[in-house]
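Trainee: Single-letter residue listing:
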Amino acid sequence: ILNVEQSPQSLHVQEGDSTNFTCSFPSSNFYALHWYRWETAKSPEALFVMTLNGDEKKKGRISATLNTKEGYSYLYIKGSQPEDSATYLCAFTPPRKTSYDKVIFGPGTSLSVIP
Amino acid sequence: EPEVTQTPSHQVTQMGQEVILRCVPISNHLYFYWYRQILGQKVEFLVSFYNNEISEKSEIFDDQFSVERPDGSNFTLKIRSTKLEDSAMYFCASFQGYTEAFFGQGTRLTVV
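Each protein sequence line maps, in turn, to chains A and B. Numbering of the first sequence is given in my numbering, commencing with residue 14 and proceeding in unit increments. Numbering of the second sequence is given in my numbering, commencing with residue 65 and proceeding in unit increments.
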């Protein structure tokens, strides 16, 4: 069974604080790792897609790292703002020999940034 | 910016009725998906579609569900006889295979 886990389940931070959360995935069956931001009443929006061990990607104040050997990815938000409040979904794509066609989502981390 | 469009945005239906949820994925994408999210729960995979046929489906996707791409652009999800527990947000996604998935805005299905 291919499973993606995320922690923490929810997080409340003050505006200006930096924060990070974790995504764990099966290290033995890996093709790509995605991060999505899902704001209430909107559809999920892709933040990053990473494929290589050691990948680091950055988009403004948000960055992500990838460790495929141990099966985890971190998402960092520097200087959180109220508009960062959303659910952050991690998703994993296994290679075709197992189930290439499926993007498997984690349960998400719900972030609330308090002004 | 490419986008996936879904209609309707909200559908209310009586238990036992058939519903069809429509999606127009990104035209040059090859893989299409339906996901759903029941209120307060995590995103659940329903089905993936490639080369005009189902490539994978979850346990949720039983005989009451079907998908098709009737005209090469629309991608539809049909629920034959809706149950109360089918109430959820249904999201269509379009995926090229090497980059991120693009999601539609979702259809909120309410079964009463």
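Treat the hints as calculated values from the structure; they're not laboratory data. Bear in mind that the values here come from a model prediction, so they are computed numbers and not experimental data. Just so you know, even glycine gets a beta-carbon here, dropped at the ideal spot from N, CA and C. Watch out, some of these pointers could steer you wrong.
As the list claims (entries may be wrong) - 20 Å max Cα-Cα, derived SDA-like pairs, lysine to any residue:
1) A:Lys55 with B:Thr71
2) B:Lys106 with A:Thr100
3) B:Lys106 with A:Leu24
4) B:Lys106 with A:Gln22
5) A:Lys91 with A:Thr35
As the list claims (entries may be wrong) - Okay, the calculated bits of chain B under chain A, using three or more residues with CB under 8 Å as the criterion:
6) 95 to 108
7) 146 to 159
8) 163 to 176
Said to hold, decoys possible - The following label-pair restraints were derived from C-beta to C-beta distances:
9) A:Ser40 with B:Thr163: 17 to 25 Å
10) B:Gly136 with A:Lys71: 21 to 29 Å
11) A:Gln27 with B:Lys142: 41 to 49 Å
12) A:Glu58 with B:Arg144: 27 to 35 Å
13) B:Glu65 with A:Glu96: 12 to 20 Å
14) B:Ser119 with A:Asn16: 17 to 25 Å
15) A:Gly29 with B:Gln81: 47 to 55 Å
16) B:Gln75 with A:Val26: 32 to 40 Å
17) B:Ser119 with A:Asn80: 39 to 47 Å
18) B:Gly104 with A:Ser40: 28 to 36 Å
19) A:Lys71 with B:Glu65: 17 to 25 Å
20) B:Gly136 with A:Gln27: 44 to 52 Å
21) B:Thr140 with A:Gly29: 19 to 27 Å
Trainee: Hints first: check each against the structure and report whether it holds.
Mentor: The hints, checked one at a time:
1. Only pairs whose Cα atoms come within 20 Å are accepted, and Lys55 of chain A paired with Thr71 of chain B is accepted, the gap being roughly 14 Å.
2. Restraint check for Lys106 of chain B and Thr100 of chain A: satisfied, since their Cα atoms lie roughly 10 Å apart, inside the 20 Å limit.
3. Restraint check for Lys106 of chain B and Leu24 of chain A: the C-alpha separation of about 16 Å stays at or below 20 Å, so the hint holds.
4. A threshold of 20 Å between alpha carbons decides the hint, and for Lys106 of chain B with Gln22 of chain A the separation of about 11 Å falls inside it, so the pair holds.
5. Proposed proximity of Lys91 of chain A and Thr35 of chain A is supported: the alpha carbons are some 15 Å apart, at most 20 Å.
6. Given a C-beta distance limit of less than 8 Å, the hint that chain A covers the segment 95 to 108 of chain B holds, as 5 residues qualify and 3 suffice.
7. For the segment 146 to 159 of chain B, the stated coverage by chain A holds: 3 residues have a C-beta nearer than 8 Å to a C-beta of that chain, and at least 3 were required.
8. Only residues whose beta carbon comes within less than 8 Å of a beta carbon in chain A count, and the segment 163 to 176 of chain B has 8; three or more means the coverage holds.
9. Distance hint check: the CB atoms of Ser40 of chain A and Thr163 of chain B are about 22 Å apart, consistent with the given range 17 to 25 Å.
10. At about 38 Å, the CB distance of Gly136 of chain B to Lys71 of chain A disagrees with the hint of 21 to 29 Å.
11. Checked against the hint of 41 to 49 Å, the C-beta distance between Gln27 of chain A and Lys142 of chain B comes to roughly 47 Å, which is consistent with it.
12. For the pair Glu58 of chain A and Arg144 of chain B, the beta carbons lie near 32 Å from each other, so the given range of 27 to 35 Å is met.
13. The given range of 12 to 20 Å is respected by Glu65 of chain B and Glu96 of chain A, whose C-beta atoms sit roughly 19 Å from each other.
14. Between Ser119 of chain B and Asn16 of chain A the beta carbon distance is about 20 Å. The supplied range of 17 to 25 Å therefore holds.
15. Judged by the Cβ atoms, the range 47 to 55 Å given for Gly29 of chain A and Gln81 of chain B holds: they are separated by roughly 50 Å.
16. Checking the proposed 32 to 40 Å range against Gln75 of chain B and Val26 of chain A shows it holds: the Cβ atoms sit about 37 Å from each other.
17. Between Ser119 of chain B and Asn80 of chain A, the C-beta spacing of about 29 Å breaks the proposed range 39 to 47 Å.
18. For Gly104 of chain B and Ser40 of chain A, the Cβ-Cβ distance of about 30 Å falls inside the hinted range of 28 to 36 Å, so the restraint holds.
19. The supplied range of 17 to 25 Å is met by Lys71 of chain A and Glu65 of chain B, whose beta-carbon atoms lie about 20 Å from each other.
20. In this structure, Gly136 of chain B and Gln27 of chain A meet the distance hint of 44 to 52 Å, their C-beta atoms being roughly 51 Å apart.
21. Roughly 46 Å separates the CB atoms of Thr140 of chain B and Gly29 of chain A, a value that falls outside the hinted 19 to 27 Å.
Hints 10, 17, 21 from the list above are not met by this structure, while the remaining hints are.
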